[in-house]
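Using the hints, position chains B and C with the ligands against chain A.
Chains as they are written, first to last, in my numbering: chain A, 220 to 651; chain B, 220 to 651; chain C, 351 to 499.
Keep in mind that the hints were calculated from the coordinates and are not lab data. Any given hint could be a false lead.
As the list claims (entries may be wrong) - In silico contact screen, one side only, chain A against chain B (beta carbon under 10 angstroms); selected entries:
hint : residue
1    : Ile-506
2    : Arg-509
3    : Ile-563
4    : Ala-629
5    : Leu-633
6    : Ser-636
7    : Lys-649
Unchecked claim - Derived lysine-lysine pairs resembling DSS-like cross-links, with alpha carbons at most 27 angstroms apart:
hint : chain 1 : residue 1 : chain 2 : residue 2
8    : A       : Lys-445   : A       : Lys-477
9    : B       : Lys-460   : A       : Lys-557
10   : A       : Lys-411   : B       : Lys-557
11   : A       : Lys-460   : B       : Lys-557
12   : A       : Lys-480   : A       : Lys-583
13   : A       : Lys-522   : C       : Lys-407
14   : A       : Lys-583   : B       : Lys-583
15   : C       : Lys-468   : A       : Lys-550
16   : A       : Lys-593   : B       : Lys-651
17   : C       : Lys-412   : A       : Lys-528
Think of the CB as a built atom: it goes at the ideal place given N, C-alpha and C, for glycine as much as any other residue.
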Amino acid sequence: NIMERKQEARNPFYRVVELTETTEDPAIWGKNFPLQYDDYRRTVDQVRTRYGGSEAMPRTPTLADPRSRVAQSKLEEDPRLKTMWAGYAFAKDFREERGHAYMLDDQTYTERQQVVKQPGTCLHCHASVYGPYRKQGEGDLLKGFEKMNQMPFAEARQLVTHPVACIDCHDPTTMQLRVTRPGFIEGMKALKAADGVKDYDVNATATRQEMRSYVCGQCHVEYYFKGTEKRLTYPWHKGLKVENILAYYDEVKGADGKPFKDWTHAESAAPALKAQHPEFELWSQGIHARSGVACADCHMPYKRVGAHKISDHHVRSPLLNVNRACQTCHKWPEEELKARVETIQDRTHRMRNLAMNALMDLIKDIKTAKTAGKADADLAPAQDFQRKAQFYLDFVEAENSTGFHAPQEAVRILGESIDFSRQGQVALSKVK
Amino acid sequence: NIMERKQEARNPFYRVVELTETTEDPAIWGKNFPLQYDDYRRTVDQVRTRYGGSEAMPRTPTLADPRSRVAQSKLEEDPRLKTMWAGYAFAKDFREERGHAYMLDDQTYTERQQVVKQPGTCLHCHASVYGPYRKQGEGDLLKGFEKMNQMPFAEARQLVTHPVACIDCHDPTTMQLRVTRPGFIEGMKALKAADGVKDYDVNATATRQEMRSYVCGQCHVEYYFKGTEKRLTYPWHKGLKVENILAYYDEVKGADGKPFKDWTHAESAAPALKAQHPEFELWSQGIHARSGVACADCHMPYKRVGAHKISDHHVRSPLLNVNRACQTCHKWPEEELKARVETIQDRTHRMRNLAMNALMDLIKDIKTAKTAGKADADLAPAQDFQRKAQFYLDFVEAENSTGFHAPQEAVRILGESIDFSRQGQVALSKVK
Amino acid sequence: MKLRMVNLTLAALVTGLALGVGGYTFVYAKGYSYLVNDPAACANCHIMRDQFDGWVKSSHRKAATCNDCHTPPGLIPKYATKAENGFRHSFAFTTGRYPDAIHITPHDRTVTERACRKCHTDIVGMIDGPHAKAKDLSCLRCHGSVGHP
Ligand SMILES: [Ca+2]
Ligand SMILES: [Ca+2]
Chain A
220 NIMERKQEAR NPFYRVVELT ETTEDPAIWG KNFPLQYDDY RRTVDQVRTR
270 YGGSEAMPRT PTLADPRSRV AQSKLEEDPR LKTMWAGYAF AKDFREERGH
320 AYMLDDQTYT ERQQVVKQPG TCLHCHASVY GPYRKQGEGD LLKGFEKMNQ
370 MPFAEARQLV THPVACIDCH DPTTMQLRVT RPGFIEGMKA LKAADGVKDY
420 DVNATATRQE MRSYVCGQCH VEYYFKGTEK RLTYPWHKGL KVENILAYYD
470 EVKGADGKPF KDWTHAESAA PALKAQHPEF ELWSQGIHAR SGVACADCHM
520 PYKRVGAHKI SDHHVRSPLL NVNRACQTCH KWPEEELKAR VETIQDRTHR
570 MRNLAMNALM DLIKDIKTAK TAGKADADLA PAQDFQRKAQ FYLDFVEAEN
620 STGFHAPQEA VRILGESIDF SRQGQVALSK VK
Chain B
220 NIMERKQEAR NPFYRVVELT ETTEDPAIWG KNFPLQYDDY RRTVDQVRTR
270 YGGSEAMPRT PTLADPRSRV AQSKLEEDPR LKTMWAGYAF AKDFREERGH
320 AYMLDDQTYT ERQQVVKQPG TCLHCHASVY GPYRKQGEGD LLKGFEKMNQ
370 MPFAEARQLV THPVACIDCH DPTTMQLRVT RPGFIEGMKA LKAADGVKDY
420 DVNATATRQE MRSYVCGQCH VEYYFKGTEK RLTYPWHKGL KVENILAYYD
470 EVKGADGKPF KDWTHAESAA PALKAQHPEF ELWSQGIHAR SGVACADCHM
520 PYKRVGAHKI SDHHVRSPLL NVNRACQTCH KWPEEELKAR VETIQDRTHR
570 MRNLAMNALM DLIKDIKTAK TAGKADADLA PAQDFQRKAQ FYLDFVEAEN
620 STGFHAPQEA VRILGESIDF SRQGQVALSK VK
Chain C
351 MKLRMVNLTL AALVTGLALG VGGYTFVYAK GYSYLVNDPA ACANCHIMRD
401 QFDGWVKSSH RKAATCNDCH TPPGLIPKYA TKAENGFRHS FAFTTGRYPD
451 AIHITPHDRT VTERACRKCH TDIVGMIDGP HAKAKDLSCL RCHGSVGHP
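Isolated chain A (complex conformation) (with noise of 0.2 angstroms):
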């Protein structure tokens, strides 16, 4: 048995089939990789921690809607989050994230699709597209992109098979981290160059560690789709923090010639914006990645097995398997550790709610206002303020750690949020 292991050890992988570029199945790729294979088909697995990992909820499947579990959601956890989204699709149905395997079907039967139509350049963070996109481009990359970004949904949806795969992460004759979204590539470009670094080449110049990071913000990130091609775009031009990202979308101009904006608030009217999963971003304000902690080294700690240690590709909450994820690096027990991380979770949620308490102020205040007849331009200053206030709150609320990737960082934004919104209400009571 020993003997076996060493064996194993020396020569940990056997090559089974031969991979290409062509080679989407991740159940191929588990041939060379029955381990990696294995905990990767395990983000199915659903459970819940006090503010993450996910809850199944059972539903009955319909010709619509196949799904036989959906996520809890968190329109009914917290309804004072369809004031903040009114008239946006996401005030109609927005659930807590689950596991990997569910993305493209999560994203295909989510209500938002019954709202919106949306372009192709959706599944660009659902789906494994490598393949599709360097397909429809005939080999290139980019042009197969652009090409499906500005299809129909529902079309662009046919030509691809799986949620994220082997493929998406690695390269098939190395095995070595690789970047392959456009979204990521051109974003980390334009944040590089505003460094004064030009033409950065992420997939030429990035180290393994930095690497173990960026595979997973190629999708953990903000974004919005640029223009009439939609093309998928992460707001990174001035800089990461919350601050640059309003910056950049209060300049880029919508086809008004106004300010960027997602959608007219139903309520207020305010020109307002949606934030999503800044995991990324936040995470890069924290004092893990100053200290080179890497998404990977909680998100896919080391494990053994057998002769083995490989990087756990159940892709889930470290806080379901804090042994591995921390405590390499941290010594304190079990308990303590999770303790640690909820202390900075309840602090981040006692002061998200103080900000959405605000923010409702707000939005009532405007609507009142608007009812009583006041000029749009006395409207206005409230309008911004919100506008600022809710991609703030959202810019946290939409982060799905809870504050715990950078917990004064994530708080200081809450905190700012607060005073915009108050800002808002005070502005509007000094219309006449």
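Same frame as chain A, now just chains B and C with the ligands:
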């Protein structure tokens, strides 16, 4: 030289003189412990860090105030402080704190003394009072404390000679740490009682590691003078968090039967509170306290002198001593560690400024409403918001680590302060 | 390269002896501890005490001595490193000119990293193996405290 060190190491202390409960003068203790004494005397040094340390400002000595150097004035650095404290002695003179060597002089000569008649209580934290308390109490520490509290400051001042001295932290025969301050002894008793622990006796119960913080917690804490006896009281009866302390002040009544207040704000008539150096309280909410890291670990780190390893009695900003203060636990380069602290402090300082602006706006609005002749009852809610907002803000402003002792908590408190100030404005705007 | 280092360190050692500073320490303070394999020998210098105490309680107590992690394999490099460190540390020890919180030098860090990789070849193969061209992941980033906390 090595010979000497091996010798030293074997017999570290020479008992040159006998130390007893009546040996007050640190110079005498210094005969037995010259290394500690040498460092102790270096607390006269004044070096500035970005937010801490202190700067030596020359001044012309006068008869009334013979100091030839003082620390920089915080009121001049930020005149908004004068508005926050309008009508209170702090608006007259408030300076950056400096080394222990100055504590007695700075208290004696602060211009705050010219504005208000202070009680002897003040000396509890600015002088070596252990001897004087016992003397006045004829051997009974508590009696002496009670007696000196009720004297006028000038009278009590005659009874003390030294700033904090060896005897205030050490047992003269065993050199063990001990708490000599009734304020802390009673404060801890109240705090533990809230947790269901009866008759907690800090000197009998605390561990050595706890003592390495408690000796500092004797003075670096929020306090008030209770009742006509001017009994020094640490407001920990409901816990150490800012909301617990505010709840305590709201509950205890002043002479007028209303919630306790330090003074009535000169511009707004709000029943205001002043927070003072809650280092111990804020630290207790941070990750370092949670990890068992004591004040002395950072502010009196071990240092080598020859073969001896001694505690650095030159108590000061750890940023002036990063190698010993931080690098035992954190293997980052010195510049990186400083940058980490400053990132935390910059964020705190930014939020402090936003909170300060919000408070200024509220005070102005209340003033305007008062001038406009609004009824007292209409002003009351806004005044209560001011009380809260400014206590929260001051809790971080008066705390001397600029947020470092508990980064997320500090910013959380400031965020809530902003909410209070702005809500006060809104409340006022709804008054017809 | 390696030979040059040996020469340099030997030269330094000789100079040190000539000055009588390092040499004195080397004998009296048991600087020759560097030349033996017993961890207790390292602890002859009291400033090595913390590491020694930590090592005694560590997972590696039964697996590796100080030298296993802190000197490169092979006789010549091993003694070159020992001589170099021995001289530098003796000198530092005697003059007292070293920081209170001691830090491993960048060079010695790579020596240690290589030591991990040597004993744990199997695992290294799994961690670095399939990533043919990728740079190494630093073991110490996650396991910095295995020898002594
Ligand atoms: Ca989740
Ligand atoms: Ca200071």
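Cross-check of the supplied hints:
Evaluation of the Ile-506 (chain A) hint against chain B yields a held restraint, the C-beta minimum of about 7 angstroms falling below 10 angstroms. This hint holds: Arg-509 (chain A) has a C-beta 7 angstroms from the nearest C-beta of chain B, less than the 10 angstroms allowed. Hint status for Ile-563 (chain A): holds, given a least beta-carbon distance of 6 angstroms to chain B, under 10 angstroms. A distance limit of 10 angstroms between C-beta atoms decides the matter here; for Ala-629 (chain A) the minimum to chain B is near 8 angstroms, and the interface restraint holds.
Here the hint on Leu-633 (chain A) is kept, as its CB sits about 6 angstroms from the closest CB of chain B, short of 10 angstroms. The criterion of a C-beta within 10 angstroms of any C-beta in chain B is met by Ser-636 (chain A), whose closest approach is roughly 9 angstroms, and the hint holds. For Lys-649 (chain A), the interface hint holds, since its Cβ comes within 10 angstroms of a Cβ in chain B; the closest pair sits about 8 angstroms apart. In summary, the hint linking Lys-445 (chain A) to Lys-477 (chain A) is supported, as the alpha carbons are separated by about 14 angstroms, within the 27 angstroms threshold.
Of the pairs offered as hints, the one joining Lys-460 (chain B) and Lys-557 (chain A) holds, with about 21 angstroms between alpha carbons and a cut-off of 27 angstroms not exceeded. Restraint check for Lys-411 (chain A) and Lys-557 (chain B): the C-alpha separation of about 25 angstroms stays at or below 27 angstroms, so the hint holds. Taking the CA atoms of Lys-460 (chain A) and Lys-557 (chain B), the gap is about 21 angstroms. The hint holds against a cut of 27 angstroms. Taken as a hint, the Lys-480 (chain A) and Lys-583 (chain A) pair is honoured in the structure, with Cα atoms around 21 angstroms apart against an allowance of 27 angstroms.
The hinted pair formed by Lys-522 (chain A) and Lys-407 (chain C) meets the criterion: a straight-line CA distance of about 24 angstroms does not exceed 27 angstroms. About 25 angstroms separates the Cα atoms of Lys-583 (chain A) and Lys-583 (chain B), which keeps this hinted pair within 27 angstroms; it holds. For the proposed pair Lys-468 (chain C) and Lys-550 (chain A), the alpha carbon gap of about 25 angstroms is at most 27 angstroms, so the pair holds. As the CA atoms of Lys-593 (chain A) and Lys-651 (chain B) are separated by approximately 18 angstroms, the hinted pair is consistent with the 27 angstroms bound.
Proposed proximity of Lys-412 (chain C) and Lys-528 (chain A) is supported: the alpha carbons are some 22 angstroms apart, at most 27 angstroms.
The structure meets every hint from the earlier list without exception.
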